[in-house]
Amino acid sequence: RVGFVTITEVKVTSDLGSARIYFTVMGDDQARRQTTQGLTSAGPYLRRELAKRLRLRHVPELIFEFDTALEYGNRIASLLQEIKQKEEHD
Numbered sequence: 013r014v015g016f017v018t019i020t021e022v023k024v025t026s027d028l029g030s031a032r033i034y035f036t037v038m039g040d041d042q043a044r045r046q047t048t049q050g051l052t053s054a055g056p057y058l059r060r061e062l063a064k065r066l067r068l069r070h071v072p073e074l075i076f077e078f079d080t081a082l083e084y085g086n087r088i089a090s091l092l093q094e095i096k097q098k099e100e101h102d
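Numbering (my numbering), first residue to last: 13 to 102.
Keep in mind that the hints are not guaranteed to be accurate.
What the hints assert, rightly or not - Quick list of simulated restraints, FRET-style, between CB atoms: (1) I19 / Q97: 33 to 43 Å; (2) Y57 / E99: 24 to 34 Å; (3) R45 / E73: 13 to 23 Å; (4) R44 / R69: 31 to 41 Å; (5) D27 / A81: 22 to 32 Å; (6) G50 / L28: 49 to 59 Å.
Stated by the list, open to error - Here are the simulated lysine to aspartate or glutamate pairs, EDC-like style, with alpha carbons at most 20 Å apart: (7) K23 / E61; (8) K23 / E77; (9) K23 / E73; (10) K23 / D79.
I should point out that these hints are in silico values taken from the structure, not numbers from a laboratory. We put the beta carbon where it would ideally sit given N, CA and C, even for glycine.
Generate coordinates for the entire structure from the input sequences, incorporating the hints supplied.
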């Protein structure tokens, strides 16, 4: 269920209560939804694995979120390219 995932950022709260994990995935909206569901369902397993490897009293709750920054950046670049092309034709 999990596609080709890239972890782009992890933000951990100061009390180590939770870790917000931002990711991107190749594919369409369906791939994004399936990957989000897959990561969320794997969260408890991943948390247990982290607990085995980290020396922390409390392993943060893992919260997975799709990172929209890349899409937003691509949209801005596309709009700038359109403006440039219009200026060149005028």
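Q) Looking back at the hints listed earlier, which ones does the structure fail to meet? A) When the structure is compared with the hints, numbers 2 and 6 turn out to be violated.
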